[in-house]
Amino acid sequence: MTKVYLVDDHRLFLSGVKAELSEVFRIVGTAYDVDTAIEEIRGYNPDVVLIDVHMPDGGGIAVVEGVGETNPDVKFLALSVSDQAEDVIAMIRAGARGYVTKTIEPEELADAIRRVDAGDAVFSPRLAGFVLDAFAGAIPSDEDPELDQLTSREKDVLRLIARGYAYKQVARKLNISIKTVETHVSSVLRKLQLSNRHELARWASKRRIV
Amino acid sequence: MAGVAGGIADTLGVRDGYVRAAFITLVTIWGLGLILYLGAWLATYERVVDTEIELVESRRAIGLGVAFTGLLFLLGSIGLWPNPVLVIAVAALSFGTAAITDPSSPGPLVALMNPDVERVSRPRLLLGTLLLIGGIVMFSTALGQVFEFGIVFLAVFLTGLGIAIAFGPWVRRLLMDLGEERSERIRQEERAEVAAHLHDSVLQTLALIQRTDDPQRMAILARHQETELRDWLYGTAPLDGVDLVSTALKQAATRVEEDFQIPVDVVSVGDVAVNERTRSVIAAASEAMVNAAKHSGADRMSLFVEVDEDVLEVYVTDQGKGFDLSSIPADRKGISESIRGRIEKVGGSAQIESVPGEGTEVLLRVGL
Chain A
1 MTKVYLVDDH
11 RLFLSGVKAE
21 LSEVFRIVGT
31 AYDVDTAIEE
41 IRGYNPDVVL
51 IDVHMPDGGG
61 IAVVEGVGET
71 NPDVKFLALS
81 VSDQAEDVIA
91 MIRAGARGYV
101 TKTIEPEELA
111 DAIRRVDAGD
121 AVFSPRLAGF
131 VLDAFAGAIP
141 SDEDPELDQL
151 TSREKDVLRL
161 IARGYAYKQV
171 ARKLNISIKT
181 VETHVSSVLR
191 KLQLSNRHEL
201 ARWASKRRIV
Chain B
1001 MAGVAGGIAD
1011 TLGVRDGYVR
1021 AAFITLVTIW
1031 GLGLILYLGA
1041 WLATYERVVD
1051 TEIELVESRR
1061 AIGLGVAFTG
1071 LLFLLGSIGL
1081 WPNPVLVIAV
1091 AALSFGTAAI
1101 TDPSSPGPLV
1111 ALMNPDVERV
1121 SRPRLLLGTL
1131 LLIGGIVMFS
1141 TALGQVFEFG
1151 IVFLAVFLTG
1161 LGIAIAFGPW
1171 VRRLLMDLGE
1181 ERSERIRQEE
1191 RAEVAAHLHD
1201 SVLQTLALIQ
1211 RTDDPQRMAI
1221 LARHQETELR
1231 DWLYGTAPLD
1241 GVDLVSTALK
1251 QAATRVEEDF
1261 QIPVDVVSVG
1271 DVAVNERTRS
1281 VIAAASEAMV
1291 NAAKHSGADR
1301 MSLFVEVDED
1311 VLEVYVTDQG
1321 KGFDLSSIPA
1331 DRKGISESIR
1341 GRIEKVGGSA
1351 QIESVPGEGT
1361 EVLLRVGL
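Sequence order for the protein chains is A and B.
Numbering-wise, my numbering puts 203 at position 203 of the first sequence, and it's gapless, one number per residue.
Take any residue in the second sequence, count from 1 to its spot, add 1000: that is its number in my numbering.
Just so you know, these hints were derived from the structure itself, not from any lab.
This structure is a prediction, so every number in the text was calculated from the model and none was measured.
Check before you lean on any hint, since a few could be wrong.
[Said to hold, decoys possible] What follows is a set of in silico ranges between Cβ atoms, one per label pair, in the way DEER data are often shown: (1) Gln193/A <-> Glu1353/B: 31 to 37 Å; (2) Gln1210/B <-> Ser22/A: 23 to 29 Å; (3) Ser22/A <-> Gly1297/B: 28 to 34 Å; (4) Asp73/A <-> Arg1191/B: 21 to 27 Å; (5) Asp1200/B <-> Lys179/A: 46 to 52 Å; (6) Glu39/A <-> Ala1192/B: 32 to 38 Å; (7) Phe1260/B <-> Gly43/A: 44 to 50 Å; (8) Leu1198/B <-> Glu39/A: 38 to 44 Å.
The beta-carbon is built from N, C-alpha and C at its ideal position, and this holds for glycine as well.
From just these sequences and the hints, can you work out the full model?
So, in structure tokens, the structure goes:
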């Protein structure tokens, strides 16, 4: 059974999620703060950590980076109410394999955890929007132009996800297999994590204000 | 001027304005005032320093006034008045001025300049004004024999002046009170507006949360309330007060959520300012959302906004029961036509795709 660890500074929310997930997964532990989380995750070595983006003392990023040094196999799924694109993108770049909002249905959350555990990326509609925004208007660098741009197929997949379609529906809309959809999404995730150029150009300066 | 009037006033215990008025009046009697003033000045060895003196009770002041009037008439009866009109007019004018302008006991003119001082006492104000008007009228009657054509104008002017002097401070005070009342009223209206807004938003949401058992629902309610309150507190337009399409569409989505109790997941990529063309897209998207909320039967819907290069695209997607486009019921046809009409009017296009059992998607596209 998949070992899951939960990190959230909102205790009420944490206990709610724990109750929902404990039937499907083995919840090995929970933490309300960054330091406890890093220490316990290193000790328990869970498969998936469900982690809040906004927390005191460095937030989810501090945990992802702190654990990544010692336990590179632990996978992170970010869970947040945050509307701040920069925070979410930073979390993904730090190593999280997906981002879902706290309004997600319990079954969908369980599904996302399984997907992350299997090594796939989990893009919620909002994350798809953030990523499209982050890559929009980026000028490819000379060193590694492929990393700085999304292919048109990847954009198509992200747009469909942003419109609320599940991977299965995306696959059917584009006449491709689910596996191919997952490949595209993972490729986008890899670009996001490896490229050092997408400075969220759209938010910074390219908002089209006429 | 040399402190003579002040000295005599201190000695007699009356206001120096009146003593000066007495001197001025006596000047009209063959310069008697001037002679007396110079004599008194020479006789005074030390100048009296201006000090706060205790004013005598008004009875003594009146007594002195009556005595001075008696003296004047005595001088007149023994034939010393060069011109009765001149003497009486000057007396009235100088005493009237003294009555209403004395800074130590402020009259209306002082009050007019400096609204902080207390109101002038009513009898003094009345007496001073009457004296002034009387004096001016006498003066002008005397002059009127020469300049008769000006008499009407003069009368009107004098009456106006008298009224202004008498009621000026009162009007001014009234205006100031009105100003204070107005700013207080504005403050109260603002407070009422804040209260009304909090009542319609935060308190309603809190009430809804208390009546909900579903934690998911509570989270949605709270999240929307937070977004809404943040927008209201810190303004909705992030850049230079420009209204953005993404903001406007989020607000439209929130309204649909509130009206139909169905979550709308809004995702936006890029942004553009609201103008006539984009506004019609916002209106059409709102209509599509309402339509989906009413007819789709889905438990949530998506709104995706993308500004790419010079095109604005908005998708309203639901995964509800959908419908067969070839056999659209009349009521839905009307709605889709109206959505299409709005968009085509500004040179855009609308596509409606629907598969029975799978859902409906409305695409709105307009060039920027």
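Hints versus structure:
1. Distance hint check for Gln193/A and Glu1353/B: the Cβ-Cβ separation is about 35 Å, which falls inside the suggested range of 31 to 37 Å.
2. About 27 Å separates the C-beta atoms of Gln1210/B and Ser22/A, a value consistent with the hinted range of 23 to 29 Å.
3. Checking the proposed 28 to 34 Å range against Ser22/A and Gly1297/B shows it holds: the Cβ atoms sit about 32 Å from each other.
4. Hint check: Asp73/A to Arg1191/B, Cβ distance near 58 Å, so the stated range 21 to 27 Å is violated.
5. Roughly 50 Å separates the CB atoms of Asp1200/B and Lys179/A, a value that falls within the hinted 46 to 52 Å.
6. Between Glu39/A and Ala1192/B the C-beta distance comes to about 53 Å, which lies outside the given range of 32 to 38 Å.
7. At about 48 Å, the beta-carbon gap between Phe1260/B and Gly43/A stays in the expected band of 44 to 50 Å.
8. The hinted window of 38 to 44 Å between Leu1198/B and Glu39/A holds, with their beta carbons roughly 43 Å apart.
The structure is inconsistent with the numbered hints 4 and 6, although it conforms to all the rest.
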